[in-house]
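Participant: Sequence:
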Amino acid sequence: MHNTKVDLGPHGSIAVQEWKLLWNTVTTATPIHVDTDYLGIAQVSAVSKHGVNATVKSKCAAIDRVNESVDFLAQRLAGGDSLYGKDSFKGNLEDLCGIVWYTNTDLSVLLGITTGFGGSADLRTAKVRDLQRALIQHQHSGILPLEKKAGSNRLTLREAPGVNSMPEEWVRGAILIRCKSLVAAHSAVRFDIIELLLSLLNNDMIPLVPLRGSISASGDLQPLSYIAGVLEGNPDCYVWTNDGNAGRMLIPADVALEQLVHKSINFGPKEALAVLNGTAVSTAVAALAMQESHHLAVFSQVLTAMGVEAMRGSMGSFNAFFDRVRPHRGQREAAANIRLFLTGSQLAHPEHEDEENRGGLKQDRYALRTSPQWIGPQLEDLALAHEQITIECNSTTDNPLIDIEGDAIHHGGNFQAASITSAMEKTRSCLQMFGRILFSQCTELLNPAMNNGLPPNLAADDPSTSYTMKGADINVAAYMSELAYLANPVSSHVQTAENGNQAINSLALVSARYTHMAIDCLSMICATYLYVLCQALDIRAMDRGYSSAIGPAVNKVTANIFENAFRDAGTLKKLQTKLLEQVVKHFDLTTSLDASDRFNKIAEAVQSTLTTSLYTHDHLPKDFNALPAIKRWTDQTSATLHDLFLQRRHVYFTTPDATPYLGAASSRMYSYVRRDLKVPFHKGLADRPTKDNELKTIGSNISIIHEAMRSGRLYDPLLMCLGMRHIEVVPGARGLHKAHL
Numbered sequence: 001m002h003n004t005k006v007d008l009g010p011h012g013s014i015a016v017q018e019w020k021l022l023w024n025t026v027t028t029a030t031p032i033h034v035d036t037d038y039l040g041i042a043q044v045s046a047v048s049k050h051g052v053n054a055t056v057k058s059k060c061a062a063i064d065r066v067n068e069s070v071d072f073l074a075q076r077l078a079g080g081d082s083l084y085g086k087d088s089f090k091g092n093l094e095d096l097c098g099i100v101w102y103t104n105t106d107l108s109v110l111l112g113i114t115t116g117f118g119g120s121a122d123l124r125t126a127k128v129r130d131l132q133r134a135l136i137q138h139q140h141s142g143i144l145p146l147e148k149k150a151g152s153n154r155l156t157l158r159e160a161p162g163v164n165s166m167p168e169e170w171v172r173g174a175i176l177i178r179c180k181s182l183v184a185a186h187s188a189v190r191f192d193i194i195e196l197l198l199s200l201l202n203n204d205m206i207p208l209v210p211l212r213g214s215i216s217a218s219g220d221l222q223p224l225s226y227i228a229g230v231l232e233g234n235p236d237c238y239v240w241t242n243d244g245n246a247g248r249m250l251i252p253a254d255v256a257l258e259q260l261v262h263k264s265i266n267f268g269p270k271e272a273l274a275v276l277n278g279t280a281v282s283t284a285v286a287a288l289a290m291q292e293s294h295h296l297a298v299f300s301q302v303l304t305a306m307g308v309e310a311m312r313g314s315m316g317s318f319n320a321f322f323d324r325v326r327p328h329r330g331q332r333e334a335a336a337n338i339r340l341f342l343t344g345s346q347l348a349h350p351e352h353e354d355e356e357n358r359g360g361l362k363q364d365r366y367a368l369r370t371s372p373q374w375i376g377p378q379l380e381d382l383a384l385a386h387e388q389i390t391i392e393c394n395s396t397t398d399n400p401l402i403d404i405e406g407d408a409i410h411h412g413g414n415f416q417a418a419s420i421t422s423a424m425e426k427t428r429s430c431l432q433m434f435g436r437i438l439f440s441q442c443t444e445l446l447n448p449a450m451n452n453g454l455p456p457n458l459a460a461d462d463p464s465t466s467y468t469m470k471g472a473d474i475n476v477a478a479y480m481s482e483l484a485y486l487a488n489p490v491s492s493h494v495q496t497a498e499n500g501n502q503a504i505n506s507l508a509l510v511s512a513r514y515t516h517m518a519i520d521c522l523s524m525i526c527a528t529y530l531y532v533l534c535q536a537l538d539i540r541a542m543d544r545g546y547s548s549a550i551g552p553a554v555n556k557v558t559a560n561i562f563e564n565a566f567r568d569a570g571t572l573k574k575l576q577t578k579l580l581e582q583v584v585k586h587f588d589l590t591t592s593l594d595a596s597d598r599f600n601k602i603a604e605a606v607q608s609t610l611t612t613s614l615y616t617h618d619h620l621p622k623d624f625n626a627l628p629a630i631k632r633w634t635d636q637t638s639a640t641l642h643d644l645f646l647q648r649r650h651v652y653f654t655t656p657d658a659t660p661y662l663g664a665a666s667s668r669m670y671s672y673v674r675r676d677l678k679v680p681f682h683k684g685l686a687d688r689p690t691k692d693n694e695l696k697t698i699g700s701n702i703s704i705i706h707e708a709m710r711s712g713r714l715y716d717p718l719l720m721c722l723g724m725r726h727i728e729v730v731p732g733a734r735g736l737h738k739a740h741l
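Using this note's numbering, the letters of the sequence shown correspond one by one to residues 1 to 741.
By construction, these hints were calculated from the structure, which means they are not laboratory data.
Treat the hints loosely; a few may be bogus.
Here are the simulated lysine-lysine pairs, DSS-like style, with alpha carbons at most 25 Å apart [claimed, not checked]:
1. 601 x 631
2. 263 x 127
3. 556 x 631
4. 574 x 622
5. 362 x 556
6. 631 x 585
7. 362 x 585
8. 127 x 57
9. 127 x 148
10. 696 x 470
11. 622 x 556
Input sequences plus hints: build the corresponding full structure.
Facilitator: Given below as structure tokens:
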């Protein structure tokens with residue numbers, strides 16, 4: 001697949017392009033230019049998760065542009081038009097950021113600049129700097145840990161069973177996106193503010209921000225206020241910084257500014273409001289969720305293809321004819337991807353295989369057969385959500401907005417983050433849909449009544465004393481239940497806030513946070529299912545090796561006993577074929593039995609076929625005694641099958657390798673799990689960890705896969721399934737952990 005040219009489809013193109021952009025940005029340490037670069041999900045991730053710097057490319061031009069907006073606001077404050085017309089009052093022009101060249105001392109009424117905020121906008125003041133301080137002060141109402149020490153893993157009775165502060169990655173992304181908005185010069189902030197925000201970001205000094213408290217209506221006011229508090233050097237606002245021992249510690253904001261050798265910001269008119277009054281936090285959290293969701297969408301398709309092989313399903317479900325007569329883009333893309341992933345499979349049944357040769361169900365169950373129709377619409381929704389989020393990353397979100405070209409100040413609602421809510425509600429619903437189909441596939445694979453010849457719980461040894469995947473079966477039900485709960489919309493729970501002024505509010509940050517929780521649940525389902533699939537594929541490969549050996553062995557027993565009874569070689573050959581077909585059939589039907597009982601049961605079940613063949617044959621020798629011969633055949637066949645099974649199982653346990661039988665995607669992912677992650681084939685009860693071995697629990701092995709997902713390492717082989725070339729990592733890139741990106 002390295003050189004395969006693949007039509008990726010709309011969603012696959014997004015997933016691959018964003019991954020390549022992330023890799024290129026991180027490995028080359030290319031700075032993100034907030035003034036000139038288009039800010040996409042890859043760029044947000046590069047800065048948030050991997051420590052890539054953000055800068056202003058054309059500093060002089062940016063300074064001129066933002067200064068022009070500051071001057072424009074100052075002129076309007078000094079007597080120009082406002083939302084309230086010519087209504088004005090006496091003010092002190094020294095408060096206008098030191099701008100003192102105006103002779104008119106009447107200040108215009110501008111929302112949040114000379115008026116109160118929101119439902120208190122009927123209040124007036126000429127103390128424009130104090131007003132900005134008051135804005136930050138009243139928003140500093142969030143709940144944070146009182147103990148400002150890093151590194152404690154103890155949970156006391158006074159602590160909540162979870163953190164109350166945001167991950168640093170989210171805050172890094174918020175700073176980046178807020179700088180992108182402010183540098184557009186629609187908010188009338190001085191360049192010093194943008195420069196200090198970027199300095200904090202690039203020096204890895206990240207404000208401590210409450211996790212909860214934003215309704216994302218007038219932007220993410222509360223979380224952004226803690227970033228503004230750091231800018232003004234508030235000693236009760238804290239900053240994460242390096243502790244000198246490869247760890248992190250919290251220091252007060254005033255100390256952080258001293259270390260940066262930077263003066264605290266004394267906010268002028270509108271400047272604090274401009275920092276607070278935007279969607280940067282919810283947008284950053286959503287962008288990071290979007291990146292993970294794209295990967296999980298591709299993963300769901302790869303796991304489905306692996307499931308087709310593990311269940312010995314049919315390739316016919318993915319025939320392009322279905323997409324021609326029902327041409328939904330997502331359905332077409334999902335089917336094409338799964339067909340690609342199954343290339344070269346020896347386990348999946350060919351599309352036009354004779355029904356008699358296949359046996360079992362005429363068609364696969366819904367979780368496999370209708371997977372393109374189930375997954376396809378989700379790919380379409382994710383593409384739309386991606387568009388909504390990337391537009392928001394590059395938008396000005398503030399109020400009021402400075403329109404220099406239009407010679408106006410506009411009062412509106414660009415801070416309302418409903419676009420992010422819309423994107424996240426769709427995304428979370430998609431994650432639930434992915435989880436539901438994978439859950440069904442996984443539970444069917446673990447059910448011996450449905451899995452087409454695999455043992456109960458995928459036990460590789462005796463099923464009476466080994467329950468290998470039973471715990472995993474229960475786990476995925478727990479993960480799926482939580483994921484389904486999280487899929488419920490957040491937007492239907494909006495409450496009126498702030499003196500009734502914010503009667504509608506987007507709850508975008510809440511929705512984005514819950515999307516990350518949904519990602520956690522789906523990631524656990526995917527990690528567990530991948531482990532289950534690799535186990536199933538190993539058992540299929542082990543059984544294939546055994547099945548290829550039983551033909552000669554059973555035929556030899558049959559020939560030794562009945563060669564004299566059937567002097568016609570053709571008749572004997574037909575008997576051997578009939579008996580072998582029945583042996584193979586009953587091998588699949590007896591997976592719930594231990595090896596000590598299984599093969600006697602198989603031999604006894606085949607007796608009826610043997611007896612019928614003997615007693616309907618017209619030319620048996622008169623001296624041939626059929627009953628003892630049948631008994632002898634049964635005993636010898638049972639012993640032969642049993643001994644051969646134990647021998648072949650021992651060989652496979654020693655050197656397990658399913659790749660010769662697997663399709664392109666399964667082979668890649670199986671090899672990654674078994675060879676790169678060193679997660680082994682589970683051999684049953686003998687693999688129980690003790691002090692005398694170095695074995696791991698099933699959960700520890702699944703956790704290895706899960707960690708590879710969350711660190712990003714697993715997404716290299718995953719996206720290579722779509723035809724990407726292999727990507728080598730540049731050592732030392734922050735946050736990559738020497739991964740294959």
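Participant: All hints, please: hold or fail.
Facilitator: So, going through the hints one by one against the coordinates:
1. 601 x 631: Given pair residue 601, residue 631 holds - Cα atoms ~13 Å apart, limit 25 Å.
2. 263 x 127: Judged against 25 Å, a Cα distance of about 22 Å means the pair holds.
3. 556 x 631: 16 Å, holds
4. 574 x 622: Cα-Cα ~21 Å, so holds.
5. 362 x 556: With a Cα-Cα distance of about 33 Å, the restraint between residue 362 and residue 556 is violated, given a limit of 25 Å.
6. 631 x 585: Given pair residue 631, residue 585 holds - Cα atoms ~21 Å apart, limit 25 Å.
7. 362 x 585: 16 Å, holds
8. 127 x 57: 35 Å, violated
9. 127 x 148: Distance ~34 Å between residue 127 and residue 148 Cα, so the pair is violated.
10. 696 x 470: Holds. Residue 696 to residue 470 sits at ~17 Å (cutoff 25 Å).
11. 622 x 556: Status holds; Cα separation ~24 Å.
Comparing the model with each earlier hint shows violations of hints 5, 8 and 9; every other hint is respected.
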